[in-house]
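*Asks:* Sequence:
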Amino acid sequence: IGKEKFHKSQHWGFCNNVAMLVAEDKPGIGGEPLPGQKLKPEYSVFPKGMGSDAPAWVAFDKQVLSFDAYFEEEVPDKNQELYRIRHCKIYFYLEDDTIQVIEPQVKNSGITQGTIVRRHRIPLPPPHEDQFYTIDHFNINIEIILYARRYKIIDCDQFTKNFLRKMGVRLNPPADRPDDPYTKKRQKILESMKPLRPYERIDTLKQFLEHDGQVLRFFCVWDDPESMFHDPRELVLHYYLSDDTIDIKEIIPVNSGRDAVPLFLRRDKLPKYAPTGLYQPGTITSRTVLNVFGKLVGNRGRYILDNRKTGAVHQEFYRDSDLKIGAVINVWGRKIILCDCDEFTKEYYRTKYGIEDFTPVAYKAPPPPKPEKTFPPYTGFGSEEDSLCSCMGLLLKPPQKDFKKFMEKDRSGMESNILRFLAKLITDSPIDKDRKFIISYFLSDDTISIFEQVQQNTGILGGKFLERGRIKKPGQELFKSEPSKYFKAQDLFVGARVCFHGHNFLLVDADEYTFNYMEKHANEFSMADTGIILKKLKDTAEPRSREIRQVFAAADPEHSKVIEFEPFRNLIASITDGAFSEHEIITLGRYYSVREEYEMDLHFLLAVAQEQLKKNSFENFEQLSAVFIYNDREKLGVLPHEMCRTICKSFKLPLADDDLQALLTMFEDDQKEVEYKKFVDGLNWRENQIPAFQTIKVKPVYLEDDLSGQPPSLPVKGIKYLPLLDDLFGKEE
Numbered sequence: 001i002g003k004e005k006f007h008k009s010q011h012w013g014f015c016n017n018v019a020m021l022v023a024e025d026k027p028g029i030g031g032e033p034l035p036g037q038k039l040k041p042e043y044s045v046f047p048k049g050m051g052s053d054a055p056a057w058v059a060f061d062k063q064v065l066s067f068d069a070y071f072e073e074e075v076p077d078k079n080q081e082l083y084r085i086r087h088c089k090i091y092f093y094l095e096d097d098t099i100q101v102i103e104p105q106v107k108n109s110g111i112t113q114g115t116i117v118r119r120h121r122i123p124l125p126p127p128h129e130d131q132f133y134t135i136d137h138f139n140i141n142i143e144i145i146l147y148a149r150r151y152k153i154i155d156c157d158q159f160t161k162n163f164l165r166k167m168g169v170r171l172n173p174p175a176d177r178p179d180d181p182y183t184k185k186r187q188k189i190l191e192s193m194k195p196l197r198p199y200e201r202i203d204t205l206k207q208f209l210e211h212d213g214q215v216l217r218f219f220c221v222w223d224d225p226e227s228m229f230h231d232p233r234e235l236v237l238h239y240y241l242s243d244d245t246i247d248i249k250e251i252i253p254v255n256s257g258r259d260a261v262p263l264f265l266r267r268d269k270l271p272k273y274a275p276t277g278l279y280q281p282g283t284i285t286s287r288t289v290l291n292v293f294g295k296l297v298g299n300r301g302r303y304i305l306d307n308r309k310t311g312a313v314h315q316e317f318y319r320d321s322d323l324k325i326g327a328v329i330n331v332w333g334r335k336i337i338l339c340d341c342d343e344f345t346k347e348y349y350r351t352k353y354g355i356e357d358f359t360p361v362a363y364k365a366p367p368p369p370k371p372e373k374t375f376p377p378y379t380g381f382g383s384e385e386d387s388l389c390s391c392m393g394l395l396l397k398p399p400q401k402d403f404k405k406f407m408e409k410d411r412s413g414m415e416s417n418i419l420r421f422l423a424k425l426i427t428d429s430p431i432d433k434d435r436k437f438i439i440s441y442f443l444s445d446d447t448i449s450i451f452e453q454v455q456q457n458t459g460i461l462g463g464k465f466l467e468r469g470r471i472k473k474p475g476q477e478l479f480k481s482e483p484s485k486y487f488k489a490q491d492l493f494v495g496a497r498v499c500f501h502g503h504n505f506l507l508v509d510a511d512e513y514t515f516n517y518m519e520k521h522a523n524e525f526s527m528a529d530t531g532i533i534l535k536k537l538k539d540t541a542e543p544r545s546r547e548i549r550q551v552f553a554a555a556d557p558e559h560s561k562v563i564e565f566e567p568f569r570n571l572i573a574s575i576t577d578g579a580f581s582e583h584e585i586i587t588l589g590r591y592y593s594v595r596e597e598y599e600m601d602l603h604f605l606l607a608v609a610q611e612q613l614k615k616n617s618f619e620n621f622e623q624l625s626a627v628f629i630y631n632d633r634e635k636l637g638v639l640p641h642e643m644c645r646t647i648c649k650s651f652k653l654p655l656a657d658d659d660l661q662a663l664l665t666m667f668e669d670d671q672k673e674v675e676y677k678k679f680v681d682g683l684n685w686r687e688n689q690i691p692a693f694q695t696i697k698v699k700p701v702y703l704e705d706d707l708s709g710q711p712p713s714l715p716v717k718g719i720k721y722l723p724l725l726d727d728l729f730g731k732e733e
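Note that UniProt numbering gives residue 181 to position 181 of the sequence shown, counting from 1, and the numbers run on in steps of one.
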């Protein structure tokens, strides 16, 4: 319990002709109280040093004492009551000793109720009006005076009791809660007005709470016999499970000529049609009476309430059990057929009644198929896509491009997303036979460009041969309604023959990136799918498995289990009778080739990496080192391999992922962690520049534009044919 905080009123005074804030309880000279001044104790019953040192508005934040009280109010000029008992709540806020009095609302009281005394500090009654009410003035079963009105405190809540006990207050026993005499008198009058035989009460609350918001929906049809054209009227029936009511809404077709009404039948209980017709008003009542004497006594009858309800007419209404697909219901003389229902209704009947057959009733012919939208033929002006957009609507819009594909397949870092092939012209002209072309296919927008390699002393000027753009496949009609077909990436592979604007090309080779891309995306390129190629080869060569094994063994006279690419190509071509394309044979050879292990030198890798960083003007080595040091929490000088790779990726180092992985691996210690300081110093081409070595044997680098066709892009010097034969025919015993 924190120390009680007393609020001290202050005023301005003068000391040595200087205005300053002086408290009212400041004593006079020598500490003696001034005339008429009453000094208050600085602390409560708890001595200084006990409890929390926090201020009152923090220690007692949102802590309120609640007391139940009442006061008597005189009622003059009224004979029915002389005084009135009004119950209220007294709230004492501990944070600032403010008090609030609130009277709860009483139904039909006729009195303005609510806040009686707003929240503020209330002074004590005279003669102590210079002081305010504190917690010491409150207890149970006492009276307090607030602005000349006497309140009797009868009880308080449990929190208030616990708080007062901790403050050392001995609580009085709770007082009785008196009743208001006039309210009690009114209650007796109301009770006397209740009938001795109350009306029957039908409890529908349970049904409402269980099924509120659950509605069964049926699709109905009504064949109106009085209609001029005898067309069926489509309706939607809603059955509300909360109160067994029904409403019907009509589906009015467009341009039907009928007035649009909100409801065909408003929501209400739908009675079943009686055999004798509709009941007259007054026939159905909730109560029945009996004439005890009849007409024996002066033609006067005596009537009493009939609890047995003799002769009462009971009217039946449609329930959920009466509604099912195919049923005919009578809606005030109109025969309506239930044809179908929604999924919720089907599940409801399946669960409650076990119905499984929900075959809809066909009440109208199926709609005719929509006529296929045809477009006029291409006129030749502009592109086909632009001309087609003018036929799609009145507002002309440019053709939409596949922006998502463009963002995914556009050049990003070392990924060019361009397939390059080396091609030759298919011609009998001796001049054009030796011409070499580079065909570039851009995956971002399916466009193609062709460049011709410059060859000396040929008399042909090389350079751009065909501007970048989409190329139509040959043999298509020019002026037609259907869109033209264009060359796709799947149409280009080594060995393919393509015709671009009347020029026939033979694709004889491709660069390393093209082979790798097509093999990585083998699901898009069947010519680079090793699984499909092996399956085709197995279907062709399986009957001659022993003969093919002997042929491959004869091609390897030294028994090295490796053959050259050229004999391998000839063997595959002879086995398949020319059914395999060059690209499929190259893919097969690359898959089973002997990869030459090239020597990787750390200095050479650093030289290549520094050259790449220098070309891209990367100089943020201090920031890179700072990030490494920040992530090294234990200051060991090493970091995990993946963490270093992630940090380098965040700085967008212009290095291929394979080169970065190799460099990080070379700077690893025995625990496979990277020494990042040596790694950064090795990459710093400003301070530690390493000249490129020319004599080290390294893996040859083939530029994407340097395609000569001889030798192939990836030299397949040797092919291990035994794994190929094992995959085709199984391991030989």
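Derived by calculation from the structure, the hints in this document are not laboratory data.
Be careful, since some hints might not be right.
Unchecked claim - DSBU-like mimics (lysine-lysine), calculated; alpha carbons at most 35 Å apart, straight line: (1) Lys397 x Lys424; (2) Lys405 x Lys436; (3) Lys184 x Lys166.
To be verified - Here are the simulated distance ranges between beta carbons: (4) Glu372 x Arg217: 45 to 51 Å; (5) Phe406 x Phe375: 24 to 30 Å; (6) Pro232 x Lys107: 50 to 56 Å; (7) Arg217 x Met414: 55 to 61 Å.
None of the values given here were measured: they were computed from a predicted structure.
Glycine is no exception: its CB is placed at the ideal position from the N, C-alpha and C atoms.
*Asks:* Flag every earlier hint the structure violates by its number, smallest first.
*Replies:* Numbers 1, 3, 4 - these are the hints that the structure violates, sorted from lowest upward.
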